[in-house]
Amino acid sequence: DGGITQSPKYLFRKEGQNVTLSCEQNLNHDAMYWYRQDPGQGLRLIYYSQIVNDFQKGDIAEGYSVSREKKESFPLTVTSAQKNPTAFYLCASSRGLHEQFFGPGTRLTVL
Amino acid sequence: QQPVQSPQAVILREGEDAVINCSSSKALYSVHWYRQKHGEAPVFLMILLKGGEQKGHDKISASFNEKKQQSSLYLTASQLSYSGTYFCGTVSSGSARQLTFGSGTQLTVLP
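If you read the sequences in order, they're chains A and B. If you count by the numbering used here, then the first sequence holds residues 1 to 111, one letter each, in order. If you count by the numbering used here, then the second sequence holds residues 1 to 111, one letter each, in order.
Source of the hints: derived by calculation from the structure; they are not laboratory data. By construction, the Cβ of each residue, glycine as well, lies at the ideal position given by its N, Cα and C atoms. Be careful, since some hints might not be right.
[What the hints assert, rightly or not] Partial chain B-side listing against chain A, Cβ under 8 Å, derived:
1. 38
2. 94
3. 104
4. 108
[To be verified] Straight-line alpha carbon distances no greater than 25 Å define the calculated PhoX-like cross-link-like pairs of lysine-lysine that follow:
5. B:68 with B:50
6. B:68 with A:9
7. B:50 with B:67
8. B:26 with A:57
[To be verified] Simulated DEER-style distance windows between Cβ atoms:
9. B:8 with A:10: 38 to 48 Å
10. B:29 with A:28: 18 to 28 Å
11. B:17 with A:13: 18 to 28 Å
12. B:68 with A:8: 17 to 27 Å
13. A:12 with B:67: 44 to 54 Å
14. B:12 with A:15: 19 to 29 Å
15. B:8 with A:2: 33 to 43 Å
16. B:111 with A:80: 41 to 51 Å
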């Protein structure tokens with residue numbers, strides 16, 4: 001079955017530590033995205049990539065970094081520079097500007 | 001800039017109708033509609049492209065007025081399964097072809 005997987009589902013980290021969230025897709029989509037969602041809020045774009053080895057900052061990129069070395073993978077690193085990292089993180093992929101397919105999300109809690 | 005959704009929340013009885021609106025201050029290329037259940041990933045409902053089209057999916061339909069930069073989602077004869085938060089996402093006509101989500105409309109359908 002084609003789809004997007006994110007791991008882990010829940011992640012706990014101590015303040016000041018970097019953490020990497022995994023996102024893999026087997027839909028053969030060129031474009032991939034990372035969003036952050038806070039309780040009761042909409043989705044805010046962190047980074048997106050339209051092609052391998054290229055990515056652009058979204059609206060809230062500060063404190064985050066990404067890489068796109070393979071078409072299938074788009075990992076997100078939450079660095080210690082991110083002041084308030086506790087949130088629900090969603091990865092998505094799409095074929096061009098068509099509908100986005102979302103992964104199940106990773107809920108990150110910084111203690 | 002984030003599109004504006006209204007209302008923020010609506011409560012219905014099963015079988016009643018609802019309309020959710022989405023408006024943007026920018027010229028739009030397309031509008032996407034998604035539904036998210038609590039704790040889950042958003043699920044794609046439909047996409048409307050520039051051209052003022054209207055789409056339908058079962059008892060859920062949407063319209064897109066590109067001149068007014070507005071879209072509306074229509075839910076008729078609502079079912080319990082329609083409960084969730086509905087997000088519109090807009091892609092502006094311009095170089096930055098990224099999807100920007102509204103803050104969502106929480107829909108609750110009661111028996």
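Q) Is the straight-line distance between the alpha-carbon of residue 50 of chain B and that of residue 67 of chain B 25 Å or less? A) Answer holds: residue 50 of chain B to residue 67 of chain B is near 10 Å, not above 25 Å.
Q) Does residue 104 of chain B meet its interface restraint, that is, does its C-beta lie within less than 8 Å of any C-beta in chain A? A) holds (5 Å)
Q. Holds or violated: is the Cβ of residue 94 of chain B closer than 8 Å to a Cβ in chain A?
A. Since the shortest Cβ distance to chain A is 12 Å, the answer is violated.
Q. Close enough to count: is the Cβ of residue 38 of chain B nearer than 8 Å to one in chain A?
A. violated (11 Å)
(Q) Is 41 to 51 Å respected by the C-beta to C-beta distance linking residue 111 of chain B and residue 80 of chain A? (A) Check passed, 48 Å falls within 41 to 51 Å.
Q. Are residue 8 of chain B and residue 2 of chain A spaced within 33 to 43 Å by their CB atoms?
A. holds (35 Å)
Q. Cβ-Cβ distance between residue 12 of chain B and residue 15 of chain A: within 19 to 29 Å?
A. Once the Cβ atoms are compared, 43 Å apart, the range 19 to 29 Å for residue 15 of chain A and residue 12 of chain B is violated.
Q. Taking the least C-beta to C-beta distance, is residue 108 of chain B closer than 8 Å to chain A?
A. violated (14 Å)
Q.
Can you tell me whether the CB distance of residue 29 of chain B to residue 28 of chain A sits inside 18 to 28 Å?
A. holds (24 Å)
Q: Using the beta carbons of residue 17 of chain B and residue 13 of chain A, state whether their distance is inside 18 to 28 Å or not.
A: violated (45 Å)
Q: Using the beta carbons of residue 68 of chain B and residue 8 of chain A, state whether their distance is inside 17 to 27 Å or not.
A: violated (44 Å)
**Q.** Restraint status (C-alpha distance of residue 68 of chain B to residue 9 of chain A at most 25 Å)
**A.** Violated - the C-alpha atoms of residue 9 of chain A and residue 68 of chain B are around 40 Å apart, more than 25 Å.
Taken one by one, the earlier hints fail for this structure at numbers 1, 2, 4, 6, 9, 11, 12 and 14, listed in ascending order.
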